[in-house]
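Heads up: the sequence lines are chains A and B, in that order. Counting with the numbering used here, you get residues 21 to 149 for the letters of the first sequence. Counting with the numbering used here, you get residues 454 to 1227 for the letters of the second sequence.
None of these hints come from the bench; they were simulated from the model. Wrong hints could be hidden among the right ones.
As the list claims (entries may be wrong) - Only part of the chain A face toward chain B is listed, based on derived beta-carbon distances under 8 Å:
{"no.": "1", "residue": "Tyr47"}
{"no.": "2", "residue": "Met48"}
{"no.": "3", "residue": "Pro80"}
{"no.": "4", "residue": "Tyr125"}
On a predicted model such as this, the values are computed, not experimentally measured, just so you know. Glycine included, each C-beta is placed from N, C-alpha and C at the ideal position.
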Amino acid sequence: MSTDPLDGVEEGPAWWDHEAGPVVRPYMVTGGRVRPVTVDFDLITFLVATATLAADTPSPEHQAILALTQEPRAVAEVASRVDLPLGVVRVLLCDLLSDGLIARYDPPPTDHLPNVETLQAVIHGLRAL
Amino acid sequence: MFDVAVSRTLDVVSVRNRGWSIRAKIMTLAVVPLVAITGLSVFGVAVSAGDALNLLAARNYEQVFGGFGERLMVEIQRERRLSVAEKPGSVLLSDQRKSTDEREQQFRGSLTGSKLRDELPPDQLQNVDAFVAALNTLPQLRLDVDSGKAEPFAVVRDYSEIVDRLYRAFTPMTKLADPDLAELAHGIFAISRAREMMAREDAVISSVVADGRVTVAEQNQLLRTIGARRQVHDEALGSLPAPHNEQFRQIFDSETYRTLYAMEETLSTTRPGKVLIDAAIWRGTNDAIYKQLDATEGAAAGATSDLANELGIAAFAQTIVAALLGLLCAAISLVLALRTGRSVVRRLERLRVSALEVAHERLPRAIAALRQPGALVNDPSLTDVPLVAVGTDEVGQVGHAFGAVQRTAVRAAVDEAVLRRGISEVFLNIARRSQALLHRQLTLLDRMERRTTEPQELEDLFRLDHMATRMRRHAEALVILAGAAPGRGWRHPVPVIDVVRGATSEIEDYQRVTIDRLPDVKVVGRAVGDVIHLLAELLENSTSFAPPHTRVRVFAEQVGNGLALHVEDRGLGMSDAELAEANGKLAEPPAFDPASSSRLGLLVVARLAARQGITVRLRSSSYGGITAVVLIPAELALTDPTDKGEPLGIFAPRAPRAVEAAPAVPVEEQTVDLGNGGGDETTALLPKRVRKASPETAPAAEETTVSLGEPAPVPRQRSADQVRTMMSAFQSGTVRGRAKASTESTANGDEPATAPTPQDSAGMEDSSTLEGRA
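Chain B with its partners taken away, still in its complex shape (with noise of 0.2 Å):
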């Protein structure tokens, strides 16, 4: 039950502290033992400098009552006893008179001076305060004296009176803390009193020698005095201690104590009236006794004091080593505890920073290096995992966890990419078988459109081409994605018409494009494939976002960069953020993500603009559609006239034919064309439409199959056109051969007449016409 409280007492607490810093937490806690031990130290201090005080006070006392009070006394105790002795008004008594007065100064001056009276606890002020009053009966007590009026022993019980009262304001000074000093001051208090009972004996026993006789009254007086001088002696001697009663008790031994000892028995023995002891042996032998008796109060005075020095030293001491010892537990603890507290809290810290850099940063980058296409799953710099912190203990050990959640990070974004990249080739692979059964299906269609002089069969043929073109974009669009270079390249640069119609081309609604008359700028050759692909996404979002009556406009413009091409649809355009999200991903294509199939179109896009640093950026057009901009780089659009391209893209392939035209291709292709038999009235027909027949590739074999599938009646019906194709051949060979007879040496006359085919005839006349046009 306790116990559960408790901890939910802990809870709570650590419930509240959960918004602390580690290092709030740590601070507190080396605060509060440090708080704790300061605390005790001043405590400890203050006890040990309460004590050292008393020490002081008390010596300031004891300066006061002790030395001055002292004097005051023994003059008081002097003047007490001439006041009786002598008679009034002698020399002696005014002098003693004086000098008391001297010393009441002194005393009275000394208590002011000391500022005792501040310090004194109420008790002890009011005996102070009584002595004070009753030195001031003094003046009084002397004018009785003088007077005569007063009874001796009453004038020595006014004195005495005083003298008591000084005794009792000396009654502090005996209560000290330590016990040996209590105990010498309690003997020497005791000494003093039984100096003080001698001295009063005197004054009494002096009053009776000068009156020279005793009355029973006075008879009774004496005996009670000497009585209680004996005891007060006897008590004295058992209290002072050790060193000390030791003169106090050979006072008491020697030979003048036994004769004033004997002088106060003749005194209490005899029967009143005449005074039997000598007043000047008794003088003599009282004051020895008493000088005695000062002299020994006074060493035993020196040595209390110097006990009293040393002891208030050691109390010093004793407080200044307390205070330095409780100084350095604190200080040695506050180092320790900021020293320790600071270590965790900076590899705390530590851990933190490089935690959060590697959760917000590291990873975050290496997941997104391996995601892109290509990356290098075994780069180090990408798989590597930095350790977060040393060490064995709980914090090492949360780094090392924090280090192993990161590795298995790292390896499950490894074992994507690899995934990924084995999809990309899976991809890549149908992606390229698609493209070349499709490239050699155009191929064929190719041909076929080239032998068929039917209109109906030219259109059936042309929508199977248009279809064809468009898988080959798709399939084209596949090998972007995966990552790789679409399947056709030009080393030659392509005129920007050119390729605006490649791109028109090759999508669905191409009738809807308009193109409008562009500029006279060619594209170089490396990137034609790509802004091909690239012109193609854009109209093909264009016709698609559009409604199917709206055209779409393709319009360009030299800028200072390059060229700017302009897609404008007339759709509906779109929204802000759309657009905003949409040339967000142009300008950044992001990966690839399988999991989203929508908008490939702009992803290809962006892949593509990106390869050849091209900018796309798509805006709203003022006809409330979208128009791309699609700025291609100087360095891609050349501009310059005189360069040696191939004027017309549709002519392009036929350029390098020319070239190559040796003698034996013609010859052999010749002969497979004869191999197929008269009866292919096609290729008699136009005999240059034959292409070269690669090795390595199928067309020849296939056109074969499907030139000999035809039906033979359709070229029949045009028999007509054949006779004026053979003739129109057998003109543009004779052409030919005149013009070489007139232009070329007599070097090439081995070339048989009938043996350069119209189709290489025709690659070199349109090459040089061409060029002579351009």
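Isolated chain A, as found in the complex (with noise of 0.2 Å):
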């Protein structure tokens, strides 16, 4: 018992500033919510901001994805930046989507990408040339 390193700490927080964690739970940020109500955000998925910063925005957090999103970035990159996780961060993308406050450009889907066979012919048509 003596070994507890609280013994004899009787004035003083033991943990100070980020030691403490986050003052705001995560869960309080979406305010429970987990998943995105219409889209699911990829982590390259390029989002930009259409608005500048609204005065009426919902959070601080919103606040810092618009203010970040000023010029084109993915959502793994917001994601790290804001320092949440990316769970959060989808929901909170989705909100400021459905507000129309940012615009999202998906990376073409691989499935529409020109197949092997037909680079391999295009190759060969120029080899042919």
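Dock the two chains into a complex; use the hints.
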């Protein structure tokens, strides 16, 4: 018992600032929501803000995302910069998207890319030239 | 039987007197003997004064009768003799009558002037009146004498009647209280009487001598008169006291008296017929004896008067002395009684005042002070017991006993405080341990939430997170009740929106809370933890006392002396009495009483508010519910927009990380992560989530365990995501690298190109970006 580091610590907090953990828990940021309502976001989906900072945006996190996406950024980058779990960021992004505050640019789906045969045919055609 | 009755009576008396104050009782005790002493002394003085007044009255009487009466009597005696010895109309007789009238006037004057009649008792007054009535017959008597009709002996008898009446009036003078004086007065009376008999005999003999013949009837009268005179003289000789009777005896032994005696013998033995004695010799002898008797009587009367004066003065002195002694005794007893009584009363009063003060003020204050958390049980100002009363008598003993009672009470309070403190320490210890475990649990949950990409999993984690957060609040409440500071602390101001959201996240029904747009105010770091907890308790109250379908609204406004936060519910509200009681508790936090556990939340709020100088008041809201108004003072609520605080609470933890981004630490972390094996996809996915492993705490090890235990198949489904993450990381790395290359000098060129972890870069970028935004 005497080896407990808390013994004798009568006054003052035991954890300061970041050690104390975030002031607002992540579930509070989304109000408990975990999945985007309308669309899902890929990590490499690019986002760009379509509006500047709006005075009546819902929360500081929304504002931070808007500020970040003044230039196009990938979802993963946004998540890492606002330092929130990806699940939370997705919900927030969905909020902004449905409010029309951001626009998304998905990368072209892989199935729509030319297949190997086509590419090889192109190569062959080029060589044949 | 009698004793029982007496004691019952005393009991009744004491019960009846119980309402009196001690002062009244003691004063009664002092006054009762005083009244008795005064009464006795007044009685004694009255008695002595009565004697003295008696003497004075006697003196007055003696002046009237002994003085004027005596002189009048001498004149009457002389007139009596001349009335029978001289021829009617003679010069001697008419002169004598004039002088008799003169004396009579004087006597009457003195009798009226002295107001003696008012003072005399009825029997004496009767004697006096009888004498005055006899005096009034004098003119008729004179007329009879002048007409010659009256027999000489009848004249003598009538005059003698007047004199006898006067003698009867004299008798009170002999009735004196003092025996010596009475004897003396009696003797004087006897001499006077003897002299009268002498004068009467003289009158009878003078009339016989003037006639020159003596009849048989006259002879008999003569013999009776002589016999009476001799008898009275013998009696007077016996009754006069010692020093005065000597002179009297000398008169009887003198030659003159023998001559007189011989002449009387001659007259009494001769046969009726011619008188054989010589008128001139008789006259001379008789006058001489008469004068001597008069002189003797005068001397005795003078002595009597002196003695009476002496006795009167003595009696007066006695009275005065008795009065003075009585007064002195009364005064002494009064002073003694007052002094003793006052001293007893004063000591009792002091005992009463100090006992009341101790019972109603000092003791409750000391015990209340000892009940306060953190009271110094060894503080002499609290535990010292003032001595109530000094002394060894009963009052002092009561004072000592009271002191002992007080000491026992204080000792009990001290013991209670020590016990309380012990319980508090147990609470605190357990609460701190829970806090430490919960802190670690939350840290771990934080990491897991960042790692997961699955909404379902995140939802579960959120639930766990919520529960752990609430548990942390309860542990903090216990710590606060034990009088210690809650575990978390902030050095930088935190925006009020984050404080409110932090508080909301700590309650069960956080989704029912609506937060209005809040002013751009920051809460000073040292108050953040307390304000969060305070708001959380109020929000918990509001959500739990309002119906589940209602919402709780939080809004704030800036007021003159700080920031007013309102927590408004739509519940059923409270009665006015309940509101007043709750507000009273909030204004003055009562000592934590383990016996009553209701409304512990209010107690916690009151403690925290008192510690930070925050005012919390509950009032009825217009919706019928309760609005809690939390007034955060201006020194805790910063409105300066240029304040260098963390703009977002959620990012706050990261800021110090950027500062302490030394190259060595990330390398170490990297090594640790690699050691966990490449199979840990999550780590590879988001390497920036790895937190600094504190050497003194366990989270790093736990994290390792959890990571290793986590099943691998989940990430495999998201191989595309994985690739994208890698690319994203790569992209951000190159973006950063380019930015660095363009902005930084070659001094930092030794930094490995891939070494800075995304975490660090993210932290730095974040702070710069956000600062730019702010």
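Right, here's what the structure says about each hint:
| no. | hint | verdict |
| --- | --- | --- |
| 1 | Tyr47 | holds (4 Å) |
| 2 | Met48 | holds (4 Å) |
| 3 | Pro80 | holds (5 Å) |
| 4 | Tyr125 | violated (14 Å) |
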